[in-house]
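Student: Required output: the full structure, derived from the provided sequences and hints.
As given, the protein sequences belong to chains C and W, one line each in that order. For what it's worth, the working numbering labels the leading residue of the first sequence as 1, then goes sequentially. For what it's worth, the working numbering labels the leading residue of the second sequence as 437, then goes sequentially.
Because the hints were derived from the structure by calculation, they are not lab data. Here the structure is a predicted model, which means the values were calculated and not measured. Possibly wrong hints are sitting among the right ones.
In silico lysine-lysine, DSS-like type, Cα no more than 27 Å apart, as pairs [said to hold, decoys possible]:
#1 Lys180/C with Lys771/W
#2 Lys280/C with Lys514/W
#3 Lys1060/W with Lys280/C
#4 Lys788/W with Lys318/C
#5 Lys578/W with Lys140/C
#6 Lys331/C with Lys655/W
#7 Lys477/W with Lys280/C
#8 Lys788/W with Lys140/C
#9 Lys916/W with Lys280/C
#10 Lys782/W with Lys359/C
#11 Lys585/W with Lys208/C
#12 Lys432/C with Lys645/W
#13 Lys432/C with Lys208/C
#14 Lys140/C with Lys482/W
#15 Lys72/C with Lys293/C
#16 Lys467/W with Lys280/C
#17 Lys567/W with Lys180/C
#18 Lys208/C with Lys482/W
#19 Lys771/W with Lys367/C
#20 Lys138/C with Lys567/W
#21 Lys280/C with Lys771/W
#22 Lys743/W with Lys367/C
#23 Lys467/W with Lys318/C
#24 Lys566/W with Lys478/W
#25 Lys645/W with Lys318/C
#26 Lys478/W with Lys275/C
#27 Lys655/W with Lys318/C
#28 Lys477/W with Lys326/C
#29 Lys562/W with Lys138/C
#30 Lys432/C with Lys782/W
#31 Lys293/C with Lys645/W
#32 Lys138/C with Lys483/W
#33 Lys359/C with Lys578/W
Pair ranges (Cβ atoms, derived) [claimed, not checked]:
#34 Leu731/W with Tyr363/C: 50 to 60 Å
#35 Arg764/W with Pro255/C: 36 to 46 Å
#36 Ala460/W with Gly284/C: 27 to 37 Å
#37 Val1112/W with Asn371/C: 26 to 36 Å
#38 Gly286/C with Ile851/W: 42 to 52 Å
We put the CB at the ideal spot given by N, CA and C, even for glycine.
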Amino acid sequence: MLVIANTQDIGRMEWWKNFDNNFIVKKVDNKIIVKYNLNVVFNMEVIMAVNTTIGHPARGDEYFERPQLTGKLWEKIQASSSVLLTAPRRVGKSSVLFYLLDHPYNRYRLTYIDTESVNNEDEFFKKLFYHITDTLTKIKRYSKIAAYFTKDLAARVDSIGKVGISIGDSRLNYFNEFLKLIKSLALKGDRLIIMIDEFAETVQNIIKDEGEREAVHFLQSNRTLRMMPEINKKIQFIFAGSIGLENIVAALNAPGTINDLYSFHIPTFTRTEAKNLALKLIEGTGYVLENDKIEYMLNKIEWLIPFYIQLIIDEIDKLEFKERTKIITEKEIDTAFFQSLEHRNYFDNWHTRLRRAYKGNDYTFTKELLNNVSENVTITSGEILDMAVKFGIEYGYVNILNGLKYDGYINNHDDPKVYRFNSPLLKMWWYKNVAN
Amino acid sequence: MLQTKFNFPAIYNPANQTKEELIANFVVRLKEFHSIFDVIKKDEMKKPPQHFIIQGPRGSGKTTLLLRLYFAAADEQKLKRFLIPVIFDEEQYGIRSLFKLWEEIALYLEEEHETLFLGLYDEMQKYLEKKDYEETCYNLLKRRLTENKKKLVLFIDNFGDMLAKFRKKERQRLREVLIQCSDIRIVGGSSVVLEFNYDYSEPFFEFFKVLPLDGLNQKETVELLLQLSETYKTSYKTNIVKGIVENNPGRIEALRRLTSGVPRTIILLFEIFLDNEKGDSFHDLEIILDRVTPLYKHRMDGLPPQKQDIVDAIALNWDAVGVKEIARKTRIPGKSVSAQLNELEKNRIIIKIPTSTKNNLYQVAERFFNIWYLMRHGRKRDRNKVLWLVRFLESWCSEEELILRALRHIKALKIGKIFEKHAFYMTEALADAKIPGDIQDQLIKDTRKYLAQKNSTFIKDLSRSDKELFMEAKKYYDNKKYHLSLKKFLDIKNKNALIYIWLAYLYKEKVKDFNKAEQYYLMAMKKGHNRAAENLVVLYLKGKRNKVEALTLARKIFESKKHFLSTWLYSAALLWNNEIEEAIQVFNMFMENKEAVDIRDLIKPIFMLLLAKKQFHFTYRLFKENKFDIRDKYKPLYYALMHFMRDTYPDEYKKMGSELKQTVEEIIAQVYQMAVDYQ
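Tutor: Structure below.
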């Protein structure tokens, strides 16, 4: 179908060209002729989505590189440490793991496994076992693993399917199988880095389904594994998770089970990193975000983690812009802030996970503490102690406080005796939806 | 079923539309479409991809958007090389476990891409007895995808419902899979409204990029309706739609607001309002209501009792309502109502409408749910059932159009080719929508005749016309059956000023309900009844309440017309309010009127009031100097005055005849009482 368009439509045509290759533009005499596909709606505006990644770990082009951070982490790995990545939720721990996976150093083989659904020790090592064998059999250099299976395990195999190895589960202890596997592994100078995501969640699942004693045993088994010379000369572990392992272990009274781990803290973005991320997110979208507006936005976000930066950019993207050039002003930023609070799914978890983690007076104390801070901006350590006395938990409240700090709710960076919310967004959401 | 103008069943089950229809009609939600499709198009899925959830109330267009994305992904040349789009509806497939999801995907792939995936499902079944069956299924699927160099994008409707059926471990497991798997992308649809029991604490909902489907704005609503009329123009006059859009844009906006911009509700009601004489649209409405009933009923049943009561009170009202009114109807204390409303608002069952005061109003969030509630829970003989339709008609039609609509409906009834439900509901709605009494009377009588011919059960629920009700009310009154008379007057749909005066009178004189009487006198005044205000002042005087309001009203009446009655009322109100000087001035005017002075029922109470206010000398002067010789006419009053002035005129009181003694003593006692009552 041919349409003779007016010259004022030229700007829009440029957009169409970017969006879809379904038309040809020709100039005939002084008119522009557009031939377009019937499926293209004539008045449709081009929508170029912002490049946000919400929810899942960022990988490849989506990942915002932090060379200093990853460099330091590699130093620790190269020093043969097993590492515990510590950071509050949504800071980007899993994304860092995937970056390491995608950019391994020479002689290092990395593998990533998520054990969130595991709820007992044997299942954990079984999952680990199959994951490692699966990883290694894909690497030609480690074909000896095949010999291991055929020789030692054939006798215990009930049936062999096409998918992995199926073994009569009740007759095996997978911790021992895993141990045997690693001991017999000849890595020829390479090191295997096993990155376990949601390890703390696994411990919590075991506490819930099997009991605290089993959870301590599980932690001890892992430590035993790490401390064995014949194991730790070949493999290292990196643990990460959305809940704080240190707090869980402290609550179990078993700090010794992870005292060999190097605690590597992933900080929030620096100002420069945050600014560059914001610009990257709007690249190619037609949005204009001047320096002073970026500063304004970052000042409002305050706690510079990728999740919140993306959330605000995403909300800005949903706004109706009157002008084609889409200049982002303070007004749009303010509106985006306001609208982001409407997303229950992004914030509700901050509240409901406290309900799961803490019961009775512990929960009531936690809620009242956060309600107080959301309303009054800060709270002193003295006031917190007083609150703990009110709920009869003056001897155990410190663990809860540390948990809130680790999990990203509050911090006392500016003054050790004064606590505030990490994120103004979370503070606003909490005030609106929980405190009131 | 008769063919409808917009082929509504297809629109309300988008999967029943042809691909061409769906694509042609897809003129809104474009931004959301591109937000997702742009990502799908440019991503080769070499790494685990972004997953999406499209979230919105029922009827907001989730299924349509999912289908549009599915078609776009299937048609896109760049993607055909490696990407297989798969579309599911949880409702249809009953996927209750994670392994079932993998199985259903396998079956789908076998059916649609036989050469590549033949035998996949059977292979999975071989491991059915294994403890790790789910993992096996996933691994088999993944292996086959890798072998064939294919990736999947799963469009799953009712994704939230599906996840809710999985055990927690399965949800965790699915998240584990998706975090590492680069072969599967999920685009899920999920309803929000009434999902009050969905636990947003689940890690999943953080994992997805959520695209909310908000209500359509005005521009989008217009585009949608124009496009639909264009697509289905063989069965519909596109010009009518264009005409409304161009000449009455306010109607479209009214429709949009009343439906909260939910596309399905907009289209459904738009069709109803476009004057479908046969009533196909009502038939379609019933089909849709039946479809949603199990879901809506289940959700309502899941609410605790008090919340149910509150939702009930709000829903039956249709219009937004305040806390006080909800508390009154439910008999739940206001504070408790407020707390429950907060929670209902958080769960998006109701919305808060701010006002200029601190008292907000509340309304059911999903308007279609409200329609369902009224149609299914509204009392049969209560106009509530069609309250939603009345509101729409009133906002949609001018007075003339309402009349025309009523006349067309009457004509359709005479022709006889009309669904009974449509005949009943539309008559009920039109009858309530302020059409002239005689047309309303004919409408109801013809509908009654029609329903009788059809042996319809609706006939017993059909309302009486206002005319019929008025005649019945009067008959009951004449037979001294006042409560029945009152009920009939109350049932009248379009009450005019006269009806309100009747009601006020009955409440005042027969039922002795001061508040109701006042309410109806006020309504009569609003309707412009020229005696309502006077009656109201009398009510206040008799009821000994609201003296300030009585004075304000009496002054207004007096200033607008100087009649002996208005003069009397004004002076009585002035006296009551202790504005004696002005009262005397005004009362003097009254006493100049011979007719007025002869009315005992006026003279007696006001003279007594004068005495109650200790205006003895003024009253004495009135008796002495009045040119109409009232002393003779009103002897008991005169002697009562003499009682109070016995110190000044010690012998006058003694002149009273003994036959008057009792009457005078009664008057004196009443004066003492009035001194207290009217202080």
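Student: With reference to the structure, classify each hint as holding or not holding.
Tutor: Results for each hint:
Straight-line distance between C-alpha atoms of Lys180/C and Lys771/W comes to about 66 Å, which puts the hinted pair past the 27 Å bound. A hinted pair counts as satisfied when its Cα atoms are at most 27 Å apart, and Lys280/C with Lys514/W qualifies at roughly 25 Å. Between the alpha carbons of Lys1060/W and Lys280/C the distance comes to roughly 101 Å, so the proposed pair goes past 27 Å and is violated. The suggested pairing of Lys788/W with Lys318/C holds, with an alpha-carbon distance near 23 Å, which does not exceed 27 Å.
For the hint linking Lys578/W to Lys140/C, the alpha-carbon distance of about 21 Å falls within 27 Å, and the restraint holds. Between Lys331/C and Lys655/W the alpha-carbon distance is near 23 Å, which keeps this suggested pair within the 27 Å criterion. Taking the CA atoms of Lys477/W and Lys280/C, the gap is about 20 Å. The hint holds against a cut of 27 Å. Using a Cα cut-off of 27 Å, the hinted pair Lys788/W and Lys140/C is violated, with the two alpha carbons roughly 64 Å apart.
The hinted pair formed by Lys916/W and Lys280/C fails the criterion: a straight-line CA distance of about 84 Å is larger than 27 Å. Proximity of Lys782/W to Lys359/C is assessed by CA-CA distance (about 23 Å); at most 27 Å being required, the pair is judged to hold. Restraint check: the Cα-Cα separation between Lys585/W and Lys208/C comes to about 41 Å, which exceeds 27 Å; the hinted pair is violated. Taking the CA atoms of Lys432/C and Lys645/W, the gap is about 23 Å. The hint holds against a cut of 27 Å.
For the suggested pair Lys432/C and Lys208/C, the alpha carbons sit about 32 Å apart, so the restraint of at most 27 Å is broken. Using a Cα cut-off of 27 Å, the hinted pair Lys140/C and Lys482/W holds, with the two alpha carbons roughly 22 Å apart. For a cut-off of 27 Å, the pair hint linking Lys72/C to Lys293/C is broken: about 32 Å separates their Cα positions. Straight-line distance between C-alpha atoms of Lys467/W and Lys280/C comes to about 21 Å, which keeps the hinted pair within the 27 Å bound.
For the hint linking Lys567/W to Lys180/C, the alpha-carbon distance of about 23 Å falls within 27 Å, and the restraint holds. Of the supplied pair hints, the one linking Lys208/C and Lys482/W is violated, its CA atoms being roughly 37 Å apart against a limit of 27 Å. The suggested pairing of Lys771/W with Lys367/C holds, with an alpha-carbon distance near 22 Å, which does not exceed 27 Å. Pair hint Lys138/C plus Lys567/W holds up; C-alpha atoms about 25 Å apart against a cutoff of 27 Å.
Taking the CA atoms of Lys280/C and Lys771/W, the gap is near 50 Å; set against the 27 Å cutoff, the hint is violated. Pair hint Lys743/W plus Lys367/C holds up; C-alpha atoms about 25 Å apart against a cutoff of 27 Å. For a cut-off of 27 Å, the pair hint linking Lys467/W to Lys318/C stands: about 8 Å separates their Cα positions. Restraint check for Lys566/W and Lys478/W: not satisfied, since their Cα atoms lie roughly 39 Å apart, outside the 27 Å limit.
Simply put, Lys645/W and Lys318/C have alpha-carbon atoms about 13 Å apart, close enough for the 27 Å limit, and the pair holds. A distance of roughly 25 Å separates the Cα atoms of Lys478/W and Lys275/C; the hinted pair therefore holds under the 27 Å criterion. For the hint linking Lys655/W to Lys318/C, the alpha-carbon distance of about 16 Å falls within 27 Å, and the restraint holds. Distance restraint check for Lys477/W and Lys326/C: the Cα-Cα separation of roughly 24 Å lies within the 27 Å cut-off, and the hinted pair is therefore satisfied.
For the hint pairing Lys562/W with Lys138/C, the CA-to-CA distance comes to about 25 Å; that is within 27 Å, so the pair holds. Taken as a hint, the Lys432/C and Lys782/W pair is honoured in the structure, with Cα atoms around 11 Å apart against an allowance of 27 Å. At roughly 25 Å between alpha-carbon atoms, Lys293/C and Lys645/W fall within 27 Å of each other, so this suggested pair holds. A distance of roughly 18 Å separates the Cα atoms of Lys138/C and Lys483/W; the hinted pair therefore holds under the 27 Å criterion.
Taking the CA atoms of Lys359/C and Lys578/W, the gap is about 41 Å. The hint is violated against a cut of 27 Å. For the pair Leu731/W and Tyr363/C, the supplied restraint of 50 to 60 Å is violated, since their beta-carbon distance comes to about 33 Å. For Arg764/W and Pro255/C, the hinted distance range of 36 to 46 Å is not satisfied, since their beta carbons lie about 60 Å from each other. At about 30 Å, the beta-carbon gap between Ala460/W and Gly284/C stays in the expected band of 27 to 37 Å.
One distance hint, 26 to 36 Å for the beta-carbon pair Val1112/W and Asn371/C, is violated here, with the actual separation near 54 Å. A hinted range of 42 to 52 Å for the beta carbons of Gly286/C and Ile851/W is inconsistent with their spacing of about 58 Å.
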